[in-house]
Amino acid sequence: MPFPIERFSDLNVAVPSAEKKPHKLSQFNDTRTDEYYWLRSDARDDPEVLEYLCKENAYTKACLEDPTEVLRATLYDDMKSRIKEDDRQPAFREDDWYYYTRTVEGQQYSIHCRRPVPSARAGLPPTIHDTVDTNEVEQILIDENVRAASLQYYRMNACEQSPNHNTLAIAEDTTGAEKYTVRFFDLSDGGATPLPQHIIENCSGDIAWATDTILFYLTKDALDRPDRLWRYDLSAAHPESMDVFHETDDQHYLSLSRAQ
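Last residue of the sequence shown? That's 260 in the UniProt record's numbering, and every number before it is there in order.
Hint data in this document are derived by calculation from the structure and do not stem from the laboratory. What you are looking at is a predicted structure, and each value in this text was computed from that prediction instead of being measured. Treat the hints with care, as some may be off.
Below, computed lysine-lysine pairings styled on BS3-like, alpha-carbon distance capped at 27 Å [unchecked claim]: (1) K84 x K61; (2) K61 x K20; (3) K21 x K55; (4) K55 x K20; (5) K179 x K220.
Start from the sequences and build out the full structure, keeping to the hints where you can.
Given below as structure tokens:
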């Protein structure tokens, strides 16, 4: 497919030009000058830097949006045609429940579900012949499509049930800033009832249950490095997070998962 513009200079758009501000850097007995060092803004709130980045983004959009519109649509349709939209992921058994996610044609996000193990097999250890019995009632735990319906951005990073299968914890980002909110749901009545009294803001998105009521999670520092491990107890009279560990070495970051 030929590119519709031979030269970007044909566009009636001003090319952004960053101001040169000499800044000397010394290391290993060597001094060098970086004229664009001022563009580094770890706090990401420098008005001058943000203004320049907006100009760069506007220029890129002007150069590429219209010329590549047909190409982008073609690529999107081609990739979408290779995806089975109406699909279900393999279920995994945990105790007397089968957990799985499924997708529906025309919807962008996953639906998290579970079905009970048939009573004839309840209490017995899993085998390689275990399969979901579709005669058992499906419980929809979380429909990401519903949660994302009124949002410009949505991403769920974690969806974890407690060891006794009575509580669900999810970590979701609704802004695109990779700052996740952990929310809890009561599963004991056959549905997924929100527990608004239990909300944890500004998490990394990693969560792991320790007991039926205790959840561990991570938070990030100012540079978005996961650096703190926290403990949250839903059964406490006045639930609050307890700081368990802080990784102070900025060359390392934390991750979190539950051992099998």
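Sort out whether K20 lies within 27 Å of K55, counting only the CA atoms. The given pair, whose Cα atoms are some 16 Å apart, holds under the 27 Å limit.
27 Å limit on alpha-carbon distance, applied to hinted pair K61 and K20: holds, 24 Å
Does K84 pair with K61 here, judged by a C-alpha cut-off of 27 Å? violated, 31 Å
Quick one, are K179 and K220 close enough, alpha carbons at most 27 Å? holds, 9 Å
Is the straight-line distance between the alpha-carbon of K21 and that of K55 27 Å or less? holds, 18 Å
Comparing the model with each earlier hint shows a violation of hint 1 alone; every other hint is respected.
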